[in-house]
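Going by this note's numbering, the sequence shown opens with residue 1002, and the numbers climb by one from there.
Calculated directly from the structure, the hints in this document are not laboratory data.
Only a predicted model underlies this, so the values are computations on that prediction, with no experimental measurement involved.
Possibly wrong hints are sitting among the right ones.
Label-pair distances were calculated between CB atoms; the ranges are [stated by the list, open to error]:
#1 Pro1143 x Asn1276: 20 to 30 Å
#2 Asp1257 x Pro1168: 33 to 43 Å
#3 Ala1119 x Leu1171: 47 to 57 Å
#4 Thr1170 x Thr1280: 39 to 49 Å
#5 Asn1276 x Val1080: 22 to 32 Å
#6 Gln1253 x Pro1137: 19 to 29 Å
Here a beta-carbon is modelled for each residue, glycine too, at the ideal position from N, C-alpha and C.
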Amino acid sequence: MITVPEGFAEVTLRREGEAGRAWLGRLPQQVETLCRTWGLSIDGPVLYGGLSLVVLVRRGEEPCALRIPWPHASQADEVAALRAWNGNGAVKVLEANDLALLLERLDPGRTLEGLPIAEALKIAGWLLRRLAVAAPPSSSFPTLQAQVQAFERDWPRDWERAGRPFPRTLLDSACRQALERAATASASLVHTDLHFGNVLAGTREPWLATDPRVVVGDLEYGVAPLLWTRLDELEAGGGVQWGLEVLVDAAQLNLDLARRWSVVRCLDYWLWGLNHGLTIDPERCRRVVAGLRS
């Protein structure tokens, strides 16, 4: 049986408590069962990233990656999005069930985090555009309009709980503009967690996106994570506005809309981070908002 990495166990226990302990205890047997079900043999180390355990495996001669995520409500949407993309700019799904995904194997040691910031921005923007397919008619992906309605409901409470970290006028203005735009948003499938660490080197294509969190709406809504991750390099390379312009050019986006949605997402993540005990990410969101409004 596999051994769950200590680092992954520590993070899971800290985040999920006793429920996490029970889940971790089931993982070795789940991996064995999945290997029997899908005809897999373990072919490398047990890795982890974010909320998922990843086991390098083979199916016959085919190298694959078995990913077992912490159970979450959006897992079905993730599988549906990957299947809608069908390997075009994103990792390909080979098998999936309620517990796990069997994916084509990418190189976990090579991500866009290893490229110079300007080059990484251009590749990420190009991928963002490639992934902007029409949502399948039968899908039940969350919509941008529903997301913004949740902001309208939750933001005032979250802002108070976070200690009023920025002027209320900024919050109200962003919410009003988001509501107006969301009502007429486009119907693209948007990878909302496309950041440099979620783009891995592949063999079928040079770079492929992974770990999607999706909404149906404006493609510009997907820009913000590429501004707040690697922010120090972004500021040193030309500033937040420069980074936004590189992304907009590569992805063929509307500059003003990308700026507005990035402010909305930064305010949301800023409040979420403060209310969940984060210290570094809220400050990054503050810097991105300042850079976009200067």
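Outcome of the hint check:
no. : hint                          : in the structure
1   : Pro1143 x Asn1276: 20 to 30 Å : holds, 21 Å
2   : Asp1257 x Pro1168: 33 to 43 Å : violated, 21 Å
3   : Ala1119 x Leu1171: 47 to 57 Å : violated, 30 Å
4   : Thr1170 x Thr1280: 39 to 49 Å : violated, 25 Å
5   : Asn1276 x Val1080: 22 to 32 Å : holds, 30 Å
6   : Gln1253 x Pro1137: 19 to 29 Å : holds, 23 Å
Taken one by one, the earlier hints fail for this structure at numbers 2, 3, 4, listed in ascending order.
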